Structure formats: structure tokens, C-alpha cells
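Participant: Sequence lines, in order, name chains Z and Y. Per the working numbering, the first sequence starts with residue 212, numbered consecutively. Per the working numbering, the second sequence starts with residue 212, numbered consecutively.
Because the hints were derived from the structure by calculation, they are not lab data. Worth double-checking, as some hints may not be accurate.
[What the hints assert, rightly or not] What follows is a list of derived Cβ distance ranges for each label pair:
1. Z/F531 - Y/L251: 46 to 52 Å
2. Z/R367 - Y/R477: 28 to 34 Å
3. Y/H373 - Z/S472: 55 to 61 Å
Quantities reported herein were computed from a predicted structural model and do not represent experimental measurements. Beta carbons are placed, not taken as given, at the ideal position from N, Cα and C, and that holds for glycine.
Here is how the chains run, residue by residue.
Number of protein chains: 2
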Amino acid sequence: MSELKFDRWRLPFEEALMAHNLAGFSPAGLYEPIDYFMNLGGKRLRPIVCLAAAEQCGASLSQAMGAALAIEWFHNFSLVHDDIMDRAPLRRGKPTIHERNGLAAGVLCGDRMLVQSYVFLAQCPSSALPVLLNRFNQAAAEVCDGQQLDMDFEQRSLVEAHEYIEMIRLKTAVLLGFALEAGALCAGWSNQQSAPLYRFGEQLGIAFQIKDDWLDAFGDPSQTGKQPGGDVLARKKTWLWIQAQKEAGITLAELDTLDDSERVKRSLGLFRDLDLPARSMDLALFHKQKALDSLSLLSKTAGPSPFFIEFADYLLGREF
Amino acid sequence: MSELKFDRWRLPFEEALMAHNLAGFSPAGLYEPIDYFMNLGGKRLRPIVCLAAAEQCGASLSQAMGAALAIEWFHNFSLVHDDIMDRAPLRRGKPTIHERNGLAAGVLCGDRMLVQSYVFLAQCPSSALPVLLNRFNQAAAEVCDGQQLDMDFEQRSLVEAHEYIEMIRLKTAVLLGFALEAGALCAGWSNQQSAPLYRFGEQLGIAFQIKDDWLDAFGDPSQTGKQPGGDVLARKKTWLWIQAQKEAGITLAELDTLDDSERVKRSLGLFRDLDLPARSMDLALFHKQKALDSLSLLSKTAGPSPFFIEFADYLLGREF
């Protein structure tokens, strides 16, 4: 799937995002940083796939636009607060809100953005609203759980691979699952009919994050825009790290004796020695296949639709 | 209205709060501090008045319990995050979450509590859900606006009385308004039928906060449990301060030369010289009257109900 094909949903989404922004709202101390952050851009993958799923399931774009906006605002809220928790000074190359406007602004802007995600959710077709609200709440709660696990892992010396998969499922994948499910719900599909789409997004989200970790370690800097090894320097316990620790006995303490560039070189070298580039891609493809398998449970109206398969290929094939 | 009379709603509410707590949920790093905070107690005024309003409007307690829980969880979320923004080490005499478990826990626990408030809201009668969600979102957004104004005022040397009233309306009063309105909506009342109850709660909430400020300055420490003058020491621009600054030209800079006890003595003395104890109570009673006036717009089913009048008397009469 080309980037261009995405434009069918990206362009109307960006238009709606702009039409419903909070620029100029008062008090400015609250809304100016929110507008700044919402304009930092992003791939808009979740709302795009929500709108695409809605169309596949028979809805118009406008029927699902509230859900798409809710998901994108929620995602951005989570970034604002995660950046506080991770003490990250930059997001998409620009200062984070707490860095630019102070801690209190970071906290309050995030809160307001979370509330705004529910404002958009409330614009969904009212017959679907009770189910949508429950499912959105579930995803939102699980994203919090995932963030907590991520922080817990920072404090632990040993993390198991299955724990890592569960963490990224919660922190990243359930929202992609909800994005697809919400599209179907907005089209009037039942909870049960929409479930395979949730599962598709969830498993694809896991695959997506594993690919993301792969790109962080082995991606082409000219395409990713980042120097390889960021996760190693941030001491993240990715699947790559967990396997290297388990199979080669590498420890964070050992890396502490090295400077940054040596630390990256040693870690990535070890990852390669253990064949982890190929093995982690195998793991990503395993979850991609689980995602595709769940499509067989879809009613004939939407599946087997080439869209979902192309979307999966796109997410796993990307080099950026 | 006696405290005892409140027990009719307080006891079932406390029971529901306990039955639906998140104690023992995993990951513990997220849910243990939440449970700690939810057990710090509180007057539970908002959920009590929500349940009472629901009964007045013809609903059973169980029909409105989801809304009551949503409002109490939302209120507690706002306390957790406000305490971060205000750098407050204590809440109800116990360590705040960010003090006890760190900044990241304070941020994430608050987020999860906000999400939980929507989980409870989703349990309301589904026919009322679209309106309830819109109204709750509006109140939640306005509470954020009010918190921002409160922080803005800290940075300003001059604040007008009407600006202060608008700030407390947003930060405190709209949630009390929603509590009453939500009770009516859960009873199947329309948006329009419920509006006078919102207005009643909103104006009563303003009166309540002015009385709160009065108690902080002139309350009996043996009843309030606090040393008088906390707001003066925290340099809060309450209505008392704003009037004293306007009429007697007192400035924060002038107070900076004094030690804490002298600062309190000088400020409270000035408040008394300007007859502000009586005048601020007059202002509170003015808003109480506006609250009561709005009851005349209620349909005969609920008004003129002695409950609402007694509740107003109770809130303004309290000495704690």
C-alpha cells in the first residue's frame, strides 16, 4: 500500500482535525500548548485505519469521524503525559509541553486532551455510543496499565519476553485494535461482529511495535531520521534486549562501563551475532499472521478485504 | 439538615464505592496508590447530592449510582493532579500520591482515575447516556479551565472580583451543578427539565467556595481542623484578598516583609477592619439565593422541594 493510497482517509482526517481544533480557546495558558502539540504532526495511523475500517464496514467517513478524532486526541494525550513520566525533553524533534511550558501545563494540557477525546467520542452515532464508550474506556484503562508495566520494567533487571509482549499489547496495540473496532461499531456493526477487527488491530499493533524496535536498532538513519540504538541508550527492555540478556548474559551493569557509542556498537553487534534482526522480524510476522487469521472470522461484507491485508503489509514493510 | 439525614444517601454510596473499588488490580504500582487515595475519605458531597436529586426526580438510587461514582472519581482525579500542580505534599493530612509514590505515579494514577470516572458514567441508563456524556465532558473541560485560571491568578498581581467568581464557578461549582443535573438525567428527565438543577448546583457551588474561603480565614480551628489563614500564607487571591487589595491597597510585596504569623494577623485584621467577614457572607448568600431562585423553574414533581432548600442551608451553615 502506498502512502498515496492513505490520502483517501488522511486528507479528510487532517481537515477534520483542523476544523475541530481548540486554537484560540481561553484560557490561553491551557489551549495554546495543546494546539502547539496537536500541530507537531504524526503518522495519524490510528484515525486513518479507523476511517478505512468504517468504510469497509459500510459507514460514511462522517459517521466515524468522531471516533477517529477521539483516538488521535487520546493518543496525543498519552504522549504528553508519557513524556512527563519519561522526562523526555523532545517529541518529534520539538520541545515537549512540560519542557516548553512547565510541569503544571504538561499535566493539565494532557488532562484536557483526554477529556477532549471523550468530547469527540460523544459525536459518534448515539445508537453505538454505549458500546463505543465501554470499549474506549477499556482501551484507555489498558493503555494506562501498559505504561505502568513499561515503568515497572525499567526498575527490574530481568523481564521475560512474554511480559514484554503483554506490555506492548496494552501500551500500544489495544488502541490500534479499538481504532478498527470503532470503525465497525460506527457502521452499526454489533460488538460481536466487530471483535475480529479488534483482534486484527491488536495483533498487528504488537507486530508494529516489534518492527518499531527493529527499526530503532537496525533501521536506515536516512529513512528513520534517528541514529540507531536509541532504545539501547534509553536502557529499554525491548524483545531484542531481553533475548540478548537471556542468551548471551549481557547486563545493563556491563554496558555502564562503556561510553554511548561503544554501548550501542556492543549491543547491536551482539543482537546481530544472535541473529536477532531476522528472529525479531519472524516474531513480528508471527503476530501479523495472527492478525490476518482473525480476518477469516469477519462477515463476508468486509472480509476477506484486500484493504486489511494491504494495511498489514504496509505497517510491517515500512522502513521509517 | 443534619449530618444524619445525609446518611440516607451517604451509606449506600460508600457501600457502592467500596464494592467497585480497584483494590488488588494489577499492576499494583498503578492501583495501590489509587486505592490508597480513594480511601482518604472526604465529605462525598457531590455523589450524595446526585443521589438525592435522582430520588427527588423519581429515580432509584441504583439508576443514579453510576453517575454518583463517576463524579466522586472525577473529583478525586482532579485532586491528585491539582496536588501535583500546586506541589502540595499533603491531602486530608496524608501524603499525596506524587509525594508518596513519585511524580510518574501521580500523573498516571490521576489519568487512570479520570478514565475510571467514564467507566462509571457508562453504567448510567443508556437512554440518558448521550446527554450525560456531553454534560459530563463539558463539566470536566470547565474544571480544567478553572484550574488553569487559578494558576494564572497566582502569576498576576491584580485579579478582579468577577474574575475570581468565574474561576471558582469553573473549578468548583460546575461539578456540583452536574451532580444535581445528572441525578435528574438518570431519572429520565430531559436536558431542559434538568437545567434548573444544574443552575441550582452551580450557584450553590459558588456560595460554597466563598463560605470555604470565609472558614479558612475566620473559622473556628476546633471545628475546621485548620489554623486560620492558610489561604493568606498560600498567597491565594480569594475574594477576601481581592477586596482588601482594592480597598486598602494591601500588596503581597508588603506581606513579604512579615513572618508567617504576622502575615496572617495583619491580613485577617485588615479583612475585619473592612467588614469583609460579613460582606463575604453576604456575597455567599447572594449566590445561595440565585440558586434557590432557579428552583422555581423546576417542574412541580421536584420543586419546590424542601430537600434542595435544606441542602442549601446545610452547605452555607456548616462551620467545618
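Participant: Now tell me, hint by hint, if it's right for this structure.
Facilitator: Here is how each hint holds up against the structure:
1. Taken as a hint, the range 46 to 52 Å holds for the pair Z/F531 and Y/L251, whose Cβ atoms sit roughly 47 Å apart.
2. Between Z/R367 and Y/R477 the beta carbon distance is about 54 Å. The supplied range of 28 to 34 Å is therefore violated.
3. Between Y/H373 and Z/S472 the C-beta distance comes to about 60 Å, which sits within the given range of 55 to 61 Å.
Figure legend: structure checked against the earlier numbered hints; the only hint not met is number 2.
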